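Top to bottom, those sequences are chains F and E.
Residue 262 in the UniProt record's numbering is what sits at position 262 of the first sequence, and the numbering runs on without skipping anything.
Residue 166 in the UniProt record's numbering is what sits at position 166 of the second sequence, and the numbering runs on without skipping anything.
Because the hints were derived from the structure by calculation, they are not lab data.
Honestly, I wouldn't trust all of these hints.
Some, not all, of what chain F presents toward chain E, calculated at C-beta under 7 Å [claimed, not checked]:
1. 189
2. 218
3. 259
4. 265
Stretch by stretch, here's where chain E covers chain F in the computed footprint (C-beta under 8 Å, at least three residues) [unchecked claim]:
5. 180–186
6. 208–215
7. 251–257
Being a predicted model, the structure only gives us computed values, none of them experimental.
Glycine residues also receive a C-beta, built at the ideal position from the N, C-alpha and C atoms.
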Amino acid sequence: MSLVEIESFTLDVQVVEASARVIHEVSFKLEAGQSIGIVGESGSGKSLTLRAIAGLSPENSVVGGKISFQGEEVSAMDRERLMQYRSSQVAMIFQDPRSAINPVRKVGDFLTENVVTNLGWSKSDAKTKAIEVLTEVGISNPEKQLKAFPSELSGGMLQRVMIASNLLCQPDLLLADEPTTALDVTTQSSVMALIDQLRLSRGMAMIFVSHNLELATAVCDKILVMYAGRIVELLPAENLREKSRHPYTRALLDARPRLDGRQNRLNAIPGQPASGLEWTQGCTFAARCAFAQDICRSEVPVLRKIQESDVACHRADEIDWDVS
Amino acid sequence: MSTPLIKVSNLSKQYGDLLAVADVSFELPPSGSIGIVGESGSGKTTVAKILVGLERATSGKIEVEGQDWSLPAKNSKERRERAKYLQIVFQDPYSSLDPRQSIGTALREALSISMKDSDEVIVRASELADLVGLPQRILELRPAKLSGGQRQRVAIARALASNPKALILDESVAALDVSIQAQILNLLVDIREQTGIAYILVSHDLAVVRHFADSLIVMKNGNVVERGQTEAVMDQPNHEYTKLLLASVPGPGWVPGKRSI
Numbered sequence: 001m002s003l004v005e006i007e008s009f010t011l012d013v014q015v016v017e018a019s020a021r022v023i024h025e026v027s028f029k030l031e032a033g034q035s036i037g038i039v040g041e042s043g044s045g046k047s048l049t050l051r052a053i054a055g056l057s058p059e060n061s062v063v064g065g066k067i068s069f070q071g072e073e074v075s076a077m078d079r080e081r082l083m084q085y086r087s088s089q090v091a092m093i094f095q096d097p098r099s100a101i102n103p104v105r106k107v108g109d110f111l112t113e114n115v116v117t118n119l120g121w122s123k124s125d126a127k128t129k130a131i132e133v134l135t136e137v138g139i140s141n142p143e144k145q146l147k148a149f150p151s152e153l154s155g156g157m158l159q160r161v162m163i164a165s166n167l168l169c170q171p172d173l174l175l176a177d178e179p180t181t182a183l184d185v186t187t188q189s190s191v192m193a194l195i196d197q198l199r200l201s202r203g204m205a206m207i208f209v210s211h212n213l214e215l216a217t218a219v220c221d222k223i224l225v226m227y228a229g230r231i232v233e234l235l236p237a238e239n240l241r242e243k244s245r246h247p248y249t250r251a252l253l254d255a256r257p258r259l260d261g262r263q264n265r266l267n268a269i270p271g272q273p274a275s276g277l278e279w280t281q282g283c284t285f286a287a288r289c290a291f292a293q294d295i296c297r298s299e300v301p302v303l304r305k306i307q308e309s310d311v312a313c314h315r316a317d318e319i320d321w322d323v324s
Numbered sequence: 001m002s003t004p005l006i007k008v009s010n011l012s013k014q015y016g017d018l019l020a021v022a023d024v025s026f027e028l029p030p031s032g033s034i035g036i037v038g039e040s041g042s043g044k045t046t047v048a049k050i051l052v053g054l055e056r057a058t059s060g061k062i063e064v065e066g067q068d069w070s071l072p073a074k075n076s077k078e079r080r081e082r083a084k085y086l087q088i089v090f091q092d093p094y095s096s097l098d099p100r101q102s103i104g105t106a107l108r109e110a111l112s113i114s115m116k117d118s119d120e121v122i123v124r125a126s127e128l129a130d131l132v133g134l135p136q137r138i139l140e141l142r143p144a145k146l147s148g149g150q151r152q153r154v155a156i157a158r159a160l161a162s163n164p165k166a167l168i169l170d171e172s173v174a175a176l177d178v179s180i181q182a183q184i185l186n187l188l189v190d191i192r193e194q195t196g197i198a199y200i201l202v203s204h205d206l207a208v209v210r211h212f213a214d215s216l217i218v219m220k221n222g223n224v225v226e227r228g229q230t231e232a233v234m235d236q237p238n239h240e241y242t243k244l245l246l247a248s249v250p251g252p253g254w255v256p257g258k259r260s261i
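Chain F with its partners taken away, still in its complex shape (with noise of 0.2 Å):
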């Protein structure tokens, strides 16, 4: 049994008096240990897809498929159940830690409410805990911080005291949603360097959604690629910069910058990035797409196994991309 199961995912919200699709049929599997970097653009439904994982979907919507946490369907959870699913079995760090954390809360109050209240933990065993994993992130003078206001810490000892937080409880899943988008390059590097080692320590898995697939690859195993609220590639993250077949992944990675030298013109993407919302009969990307033949533009092309990928693209086994 794999440690989360998703089967079909599709994700309706409310859009004025309609209902719309804005997930379309995604699944993937997550085993124990294991970690995942979901990338894409606005739009794509990567947030929702990973909230979705912890039981938070938005007000007014209707999930389809099934999403389940070691057997378990998240959907059929109660509220108690899904109460202690997300004190104790999984754990999430969203992009922006000043805007998670209360702020008229102590630090120390902050790190200590799930545990006591939902865990039934006494105070003074979480206080003492609490002490432990914020050395463990590296906080020094622990004690003094748990006194502190959230304001009176930077962006990146505040992220690290919401990793803190979350490790309290043992999780067997971390959620990151974009944990380092708000903090330093410098300070990105040491959180980055921070979830990897707790998280391969622990023996946690992680699903890590980025728009920065550079950054997801390096802490990832497998890299889950999503346009417009749909899968388009899946594959091992070693494979994302010299193996990926879908057209997008392509154009993703040759649209940045490169900082080892100097293009004149960088190969942009034409086009707005288009959103789960927006219906076509074929392939969302092929407005956009260098490669876009009739049938990209008639039928939907569904995942298919190329070596060692996923690929949906009716063209990717033709291109050469120079796959090595």
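Since the structure of chain F is provided, determine the placement of chain E on it from the hints.
Chain E only, in chain F's frame:
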């Protein structure tokens, strides 16, 4: 070397006990581009704000084509005069446009400051839309109907309305999706070719700076720690902090790590 378009000498800004900008100097040649690189708290945005007169320098000198700009403009006449030299585009295209104003009105308003003839203003507004790659129908719309990339194009068009000689780009592509970021960067290169405009690029993104800026200064805690031609600094950084910044950017073979100097 030709006379610089903008010359900043020994610029400092003190907030209470904090020295946010410490003795910063640089020159921007006509049609040139300089990158100001740094992390939060480095003082890079404060430098940009002083240049456009949103902050007052504690000491130091700013010269633009030989005129003394060290103090913010005294009155609206002087502000309008300075607007013909230097404009700024901010990071967030969602908050820098008036939500109640149509794009056409926003552009025409900026144009009417320097143009009196209303027919000419209308023609020029549609030329600006062309220049930044926006379809004409967008002029009728309000910002809420536009995507982030389109809004940033509007912000650029509006900044270009006074036909400035230099544009400050303060993290102007940081909030955009990768594919849109590339479109906007290409657009800025095209505009430079067409108009000969100079750029000051304020950014934390080293890859964007490498792509875009001829020379750069690296700032840390208000100080310039390294300066030079972009290629030279990025290929052979001298200062430990520049090395740290470069080593922190994920790329092939990168592993996250606790890096420090």
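Hint check results:
no.	hint	verdict
1	189	holds, 4 Å
2	218	holds, 5 Å
3	259	holds, 5 Å
4	265	holds, 5 Å
5	180–186	holds (count 3)
6	208–215	holds (count 4)
7	251–257	holds (count 5)
Checked against the numbered hints given earlier, the structure satisfies every one of them.
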